[in-house]
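Residue numbers (my numbering), protein chains in the order written: chain A, 43 to 362; chain B, 43 to 362; chain C, 43 to 362; chain D, 43 to 362; chain E, 43 to 362; chain F, 43 to 362.
Any given hint might turn out to be false.
Stated by the list, open to error - Label-pair restraints from in silico Cβ distances: (1) C:G116 with E:R130: 32 to 40 angstroms; (2) E:D153 with C:T88: 55 to 63 angstroms; (3) C:R149 with F:D136: 40 to 48 angstroms; (4) A:E139 with F:N120: 40 to 48 angstroms; (5) F:N92 with B:F222: 55 to 63 angstroms; (6) B:E164 with A:N336: 26 to 34 angstroms; (7) C:K171 with F:G338: 19 to 27 angstroms; (8) F:S252 with D:R49: 31 to 39 angstroms.
What the hints assert, rightly or not - Using 25 angstroms as the maximum straight-line C-alpha spacing, the simulated DSS-like pairs for lysine-lysine come out as follows: (9) C:K305 with B:K350; (10) D:K305 with A:K350; (11) A:K171 with A:K211; (12) B:K192 with E:K305; (13) D:K350 with F:K350; (14) C:K350 with E:K192; (15) F:K350 with E:K305; (16) A:K192 with F:K192; (17) B:K305 with A:K211; (18) B:K150 with A:K305; (19) C:K350 with A:K305; (20) C:K350 with E:K350; (21) B:K305 with B:K334; (22) A:K192 with C:K305; (23) F:K305 with C:K350; (24) A:K94 with A:K150; (25) B:K305 with D:K350; (26) D:K350 with F:K305; (27) C:K305 with F:K334.
Just so you know, these hints were derived from the structure itself, not from any lab.
Ideal Cβ placement from N, Cα and C applies to all residues, glycine included.
Here are the chains, one letter per residue:
Number of protein chains: 6
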Amino acid sequence: MMKPQPRICDLIPAAMFEGFLLVKDAQERINVKGAKYLDINLTDITGEINAKKWDNVDFIPSAGQVVKIRGQVGEFNNRMQLRIDRMRESTPEDEVEMPLLIPCAPRKPEDMMEDIIARVDEMENAQLKQLVNRLLDEAGDAIFYMPAAKSLHHAQRSGLLNHTTTMLKGARAVCDIYTFLDSDLLAAGVIIHDLCKIEELRSDEIGLVSDYTVEGNLLGHIVMGVSRLDRIGRELGTDRELLVMLEHMVLSHHDLPEYGSPKPPMFPEAEALHILDLLDARMFEMNSELEKVNPGAFTDRIWSLERKLYRRQDTEAAEE
Amino acid sequence: MMKPQPRICDLIPAAMFEGFLLVKDAQERINVKGAKYLDINLTDITGEINAKKWDNVDFIPSAGQVVKIRGQVGEFNNRMQLRIDRMRESTPEDEVEMPLLIPCAPRKPEDMMEDIIARVDEMENAQLKQLVNRLLDEAGDAIFYMPAAKSLHHAQRSGLLNHTTTMLKGARAVCDIYTFLDSDLLAAGVIIHDLCKIEELRSDEIGLVSDYTVEGNLLGHIVMGVSRLDRIGRELGTDRELLVMLEHMVLSHHDLPEYGSPKPPMFPEAEALHILDLLDARMFEMNSELEKVNPGAFTDRIWSLERKLYRRQDTEAAEE
Amino acid sequence: MMKPQPRICDLIPAAMFEGFLLVKDAQERINVKGAKYLDINLTDITGEINAKKWDNVDFIPSAGQVVKIRGQVGEFNNRMQLRIDRMRESTPEDEVEMPLLIPCAPRKPEDMMEDIIARVDEMENAQLKQLVNRLLDEAGDAIFYMPAAKSLHHAQRSGLLNHTTTMLKGARAVCDIYTFLDSDLLAAGVIIHDLCKIEELRSDEIGLVSDYTVEGNLLGHIVMGVSRLDRIGRELGTDRELLVMLEHMVLSHHDLPEYGSPKPPMFPEAEALHILDLLDARMFEMNSELEKVNPGAFTDRIWSLERKLYRRQDTEAAEE
Amino acid sequence: MMKPQPRICDLIPAAMFEGFLLVKDAQERINVKGAKYLDINLTDITGEINAKKWDNVDFIPSAGQVVKIRGQVGEFNNRMQLRIDRMRESTPEDEVEMPLLIPCAPRKPEDMMEDIIARVDEMENAQLKQLVNRLLDEAGDAIFYMPAAKSLHHAQRSGLLNHTTTMLKGARAVCDIYTFLDSDLLAAGVIIHDLCKIEELRSDEIGLVSDYTVEGNLLGHIVMGVSRLDRIGRELGTDRELLVMLEHMVLSHHDLPEYGSPKPPMFPEAEALHILDLLDARMFEMNSELEKVNPGAFTDRIWSLERKLYRRQDTEAAEE
Amino acid sequence: MMKPQPRICDLIPAAMFEGFLLVKDAQERINVKGAKYLDINLTDITGEINAKKWDNVDFIPSAGQVVKIRGQVGEFNNRMQLRIDRMRESTPEDEVEMPLLIPCAPRKPEDMMEDIIARVDEMENAQLKQLVNRLLDEAGDAIFYMPAAKSLHHAQRSGLLNHTTTMLKGARAVCDIYTFLDSDLLAAGVIIHDLCKIEELRSDEIGLVSDYTVEGNLLGHIVMGVSRLDRIGRELGTDRELLVMLEHMVLSHHDLPEYGSPKPPMFPEAEALHILDLLDARMFEMNSELEKVNPGAFTDRIWSLERKLYRRQDTEAAEE
Amino acid sequence: MMKPQPRICDLIPAAMFEGFLLVKDAQERINVKGAKYLDINLTDITGEINAKKWDNVDFIPSAGQVVKIRGQVGEFNNRMQLRIDRMRESTPEDEVEMPLLIPCAPRKPEDMMEDIIARVDEMENAQLKQLVNRLLDEAGDAIFYMPAAKSLHHAQRSGLLNHTTTMLKGARAVCDIYTFLDSDLLAAGVIIHDLCKIEELRSDEIGLVSDYTVEGNLLGHIVMGVSRLDRIGRELGTDRELLVMLEHMVLSHHDLPEYGSPKPPMFPEAEALHILDLLDARMFEMNSELEKVNPGAFTDRIWSLERKLYRRQDTEAAEE
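The following block holds chain A by itself, in its conformation from the complex:
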């Protein structure tokens, strides 16, 4: 396990630093005397610091890499600066705790993936089971680190798995209450509804989204998801009605045309999928935003929600 290390926001001049940091960007430069040095910006979840390595510039790390650093904090132009003595790439053996470096889902991706697999195994509808398994296969490893959005809800490493597994819990509860719902159909909808975000967003293994892909911009994950489902369902010979219903669930899960769904949910499982998606997104976003303000205060207006939020004074309730 990783040793405790100072947080960037706590660094003060003259302090020594030893620990792991994420590379934001790095460049080899030449100083006035003609010597090479490394100019590098490093981050943990609390902030960012510029660093220089003045000699032994043996390797130039790439953006998104985690490196182990030893060095001393100095000051330059009124800003902290780290003078690096030693630096190396991190290895699996370091067991770096990523949540100290970037926002991460609260559970391990492997555990969350296991929940999903377990739910698929439980399915009584063999066609749905086959179809979902095939789609998970096609999604590949990216599913493990993929965030669920560029900047809104679940914009965190493995956010897609976090969003999906939380919704699966909701789906189970909803099917217990509204017993006329087909729970396999709803679970299948939950698992695949956002799967094409993997192709819509350009994310590295760290779980940082840099941009939308060309397909993401021109088609969007909803329509890409329908196409993929249609293609694979035809390959597998999935029952046509079942396939079209599942495609409709993906297509309608944003509910309104202006949010990307050309059709509104037209049967109860599609409606339930939309509402569970809304619930999970809102709970995540509200909770995250409220963590940033003090009890008894309002947040600033949040553009995605078109409102301010209030964090109650009564501290037992507002924090978890």
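Got chain A sorted already, so can you dock chains B, C, D, E and F onto it with the hints?
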């Protein structure tokens, strides 16, 4: 228990009828010979029939009353008509099964009320418990038969209790998943959010809504609910922040100004209340509408949902 | 060639009728004497008439079939009725002129199809040519009679071909004016943009649309078109950027989310496709509506256009 | 009466200043030699100046206080700075003319309040008179200095009284023209419609609004006003119809859901109240904005009005 | 003066009728014996009755004409029918009280016109006076009987004058309160803002609007009014700024694009004009609608107002 | 013809410059020694440079003028600065190529004007020909340099002519395809639809728009265009229906109230005009925006189009 009785939609000429029916309207008239007779329209959940009682017009039942009838089916102007031999008011001893006469919630109102009381008793927040108890007291007996709407979701006898108790199940599940939520606050919101429908709608004990009240039209149940909460909370000396938050939950539970909420939900419990309300209304409405069409068919466009609905062919799943 | 025949709107009692009519519906019934007879409703483009065949009920035509009738006009309950003496199915040799029976495109479907084939042959981009050819193949024979809508623009036999070929003329003109446009890409977009209406609408060979299909209702021709394109493009190994651009053109051709396009046109060829589609639909619809009113008059408010239209007094200009 | 004093915008280095200024903020600090001094920002309606009192720091005024200052203007870092020789709190005897220090209503609050009292006394409807008097009592002294908004129309000391009394004039004129209106009801609506702004906004006695209160954010002055009216009306036993109508007037005075009124005005007095409110807000805002530009020029786009305004060249007309 | 006459709604079989009625339509017909008779529908403000004149069919009145009738009430097919003995056109000497026959403004058109002339004479701005006088001249006699709308507010004989003169009272009051307004400019705006309704609507001298004119449909009275003002102002050499401001007032008086104003009011007089127009239309419409229901009741939903209206129980206040 | 000259964006210190530049602004100043010098900012289409003329300040050019400059590039405060040795006004003989200095239409205004004249000469409808000629006369010389907008499509010197002549080509093509259209009417609409932009925008001869005029702000070019048409049509005695139709075409060419058209197009020529206008604006704007990004990239969100645009990788197609 009530004996089996023929359904109005099954009546044929010359058949005898004995059983309980609901009075739609009744009037004493005078025939060509100057004799009084009773002209009465009677309904069960399957249809309506006109009836005459030609002699012994000893009492004229009022609309909404349940009567026991014995008579014979005839035909007049190509339409069925019932000649009444005997008629009396129903009594509690008759144990009339109301669901045979009008749409009713699937559970008994007393049982549903017990669930609510149980949830209130469970509350750890004493102020909320006191406040909710007081509001339930003020609501009086009307809560037992009140529908939840004039014509949309839960427009059924005891629909308000049905809606409330189903939402309480949802609230429990949501608090299990999103543990930062204050479950007492959410449960209190669920129980009181529609309580002022009792003053907004004009309903008789049968559970039929004839119209909106003057207050219902000029203020609406949301604002009436906030006023009532404010008045009672001040009387009880409820903590100001808690009271204002609860008022806000009632105020914002329709989410958007155009649906009657001048403020959107501004903290997680308010948002959860809105989403649970939406979920229960949608599940009820979709299920009811789909029961009216055949598997594999679409409903007509439903104006309140602004869409058609599809009932899948696969019969195991679409029916409960 | 077909002989001249009376129009239904001109029939008067006692007249003889000989000619071809379209069957709206037909049923075998039994008269009071226990004898079988045929009860049939027949239409041409000017109206509808009920007919009876009292004997020799040897075959019962199906809705949408064209039959040759000989009979005499009578009157029953103040309405015209045709007594059929002889009736047979029409054959290709009859060369029935369909425009006398239902609204038809002004050109023959074969001629219009030839224009499309010619345009495809002209394509310099081999990938586009291959893709469009394959999509036309999959569309099958239905393309020949398919209308372009259930009730709006080009709701006529072969309306889809009419719409497509007219837009191809527009596309050529637009590429001549705006020379930076890729004319093959635009032509491909025109040819395939509405092709999935064949699966969205339930049409018979006569070109009458009875309803939307389940897929049509749940997915819509736009998304169905994107899925199909995606599947076939992957099979053919079409260049990814080209394929995604063509999918985007289909996806965005209704321009706005509320009209079914989750993405607006994001490059000039997509925009041009949308505008050419709009132009052809509007010209067709306005011209059709104005033909129904007198010069100098306004139409009633047309719901699809949200306006009334004016037909000018100056007759040379307003009619074609 | 207050003696003439220089305006902050006219101060030049070396000038002497004697007069009254408003304290924006004030802090005791310690100079390099370890001595206490007072660092204070002072404003009048024309601008703001920083000041220092280097010795005899006997009292530290609080924000919003008016102080009498004697000192000399200097310059520090290219900005004016006032060296204070003497400073004391202002007293009622000073008769400070507040309009020289902050935006104020053009009439004295006491005079405006008198107009309101006079209108209440004139009421023939005893219930309305009692109700309005009670609401004015509950409003307390804050009514004298309260602005009518944080940043839009009547954002001035005593702006609420200014807005109310001007609308009362309008109400009188409207009742003279449309004689079917109940003038007492309309006057009561005018007086109470914005009264809960006192609880919605956090204002000091100077009439500066710093923020919305928690209640203001979560409920808004409209709903707070309805609740208060309902509670007091029930206490006083006000006729139910009259009370509900008055509540409706408060509730509907913003006319549209998106402006905070869940119900539109549903009888003529409610409509008249809304229109008088609109008229007064617009006249105030347009006039204020036009005073900031030259004749013959347009203002910038004003976001609250979603338009630019034009000030005519003809100077007699455009200025008052 | 006209003698009292029975109201159509009070007629009973066998009664004699003598009085004036308005011709809705009239046609000469031929009875089974080949004799000519007159078939005519007649109205007063309370209803409509069919009448026959069996002989002496010497003249056939035209729709919209007022005739003097003597006859007797009979019954035909369960409906009242008037057998006419004598009929003649009405003459000025009859002094027919039109308000008994159709909805009329409460004051005489001549008196209202005098008010307008008086206001114009009062104008200090000679250019405005000249311009308004010229526009009134061009309007001609139609101004005397013109309604202000086809079916909404002031759809009554001389409704345009009624609307204009009531707004002039409002304008005077508003200028007294907001003294920075140019009262001549506002009065000019009031007088001319709806003047082009005379060309927009097709009205007969009775004051009944049958339809919109071609210009009315294609351009609308607002744009027609601007064009006319522009043309006449240029002829008269009106100061350009003054003319453009007046054109803007006409153009913006419906406030919003969706109500026909491409520009919103951009100076105070334009805003005041819009608000006075709104006030007068709303007061008229609400009062008219409420007169149709009983105290304590709601109207049906009124489409132009998008709401129901409430008539209070307290009768002193709700009726004039 | 103009000699090649360096582009501002390519200037480097010490370089000599000789050529023509556009004056952005110029001022005479006095240096520390009391001597006059000229301080001037100069632009070409690639950028802007500050210049000084230290002696012989014989003339001060005005903004928008083109001057011939000879001088040397220096540096001051890290920015390029031009020291002017000689400067004179440009003359027609210089044959300055304006497209090197500001955005210009790709064709010469005289050539474009000729196209328009040719189309008018071709008109068979003498009334339209007379009307259009008269409007072109009134437009005067400004038509030669006028841009078509302040900042959107065709914001270039002679942009109005460019827009008009391109649309004329489109109109010809559309009339060939939809033969029921009146081509003279459509061409007339094209030529006059934006003509009043000349009065709406304040442009100098260079073709730079500085602002909207008072009329432009208060009325807008659409309504100004209708008024002008109405006035001139009445003077010429143009047939009323024809005139009203043409006015309607101008009025409706923005299609929707929120874009400035109070009436939607109500006959086919009006609709065609709107669509051709839309097509030309969109093609121009998209092409211009895409020229600013690299192949394979997206533009930033473009506010007027409410979307991003994509420039394809395939370079043959995306560039002209």
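- Message: Holds or violated: K150 of chain B and K305 of chain A, Cα atoms, limit 25 angstroms.
- Response: Measuring from Cα to Cα gives roughly 38 angstroms; hence the hint is violated.
Given a hint of 32 to 40 angstroms, does the C-beta separation of G116 of chain C and R130 of chain E actually sit inside it?
At roughly 51 angstroms between Cβ atoms, R130 of chain E and G116 of chain C fall outside 32 to 40 angstroms, so the hint is violated.
Run the distance test for K192 of chain B versus K305 of chain E: straight-line Cα separation, threshold 25 angstroms. Violated, at about 42 angstroms.
Next item on the list: Measure nothing beyond the straight line between the CA atoms of K192 of chain A and K305 of chain C; if it is 25 angstroms or shorter, mark the hint as holding.
Entry: Distance of about 18 angstroms is within 25 angstroms: holds.
Cβ distance range 40 to 48 angstroms for E139 of chain A and N120 of chain F, holds or violated: For N120 of chain F against E139 of chain A, whose Cβ atoms are near 47 angstroms apart, the range 40 to 48 angstroms holds.
Original post:
Can the suggested window of 55 to 63 angstroms be confirmed for the beta-carbon pair D153 of chain E and T88 of chain C?
Top reply: 58 angstroms Cβ-Cβ, so the 55 to 63 angstroms window holds.
Item checked: Pair hint outcome, K350 of chain C versus K192 of chain E [Cα-Cα no greater than 25 angstroms] -> holds, 17 angstroms
- Query: Has the hinted range 19 to 27 angstroms been met by the Cβ atoms of K171 of chain C and G338 of chain F?
  - Reply: holds, 24 angstroms
**Item:** Straight-line alpha-carbon gap K305 of chain F to K350 of chain C, limit 25 angstroms
**Value:** Satisfied, since the Cα-Cα distance of roughly 10 angstroms is no more than 25 angstroms.
Hey, K305 of chain C versus K350 of chain B, does the alpha-carbon distance stay inside 25 angstroms? Roughly 24 angstroms separates the two Cα atoms, so the pair holds.
Check the hint pairing K305 of chain B with K211 of chain A against an upper bound of 25 angstroms on the C-alpha distance. violated, 30 angstroms
### Query
Does the alpha-carbon distance linking K192 of chain A and K192 of chain F stay inside the 25 angstroms limit?
Outside the cut-off at roughly 35 angstroms; violated.
Of the numbered hints given earlier, the model fails hints 1, 3, 12, 13, 15, 16, 17, 18, 19, 20, 21, 24, 25; all others are met.
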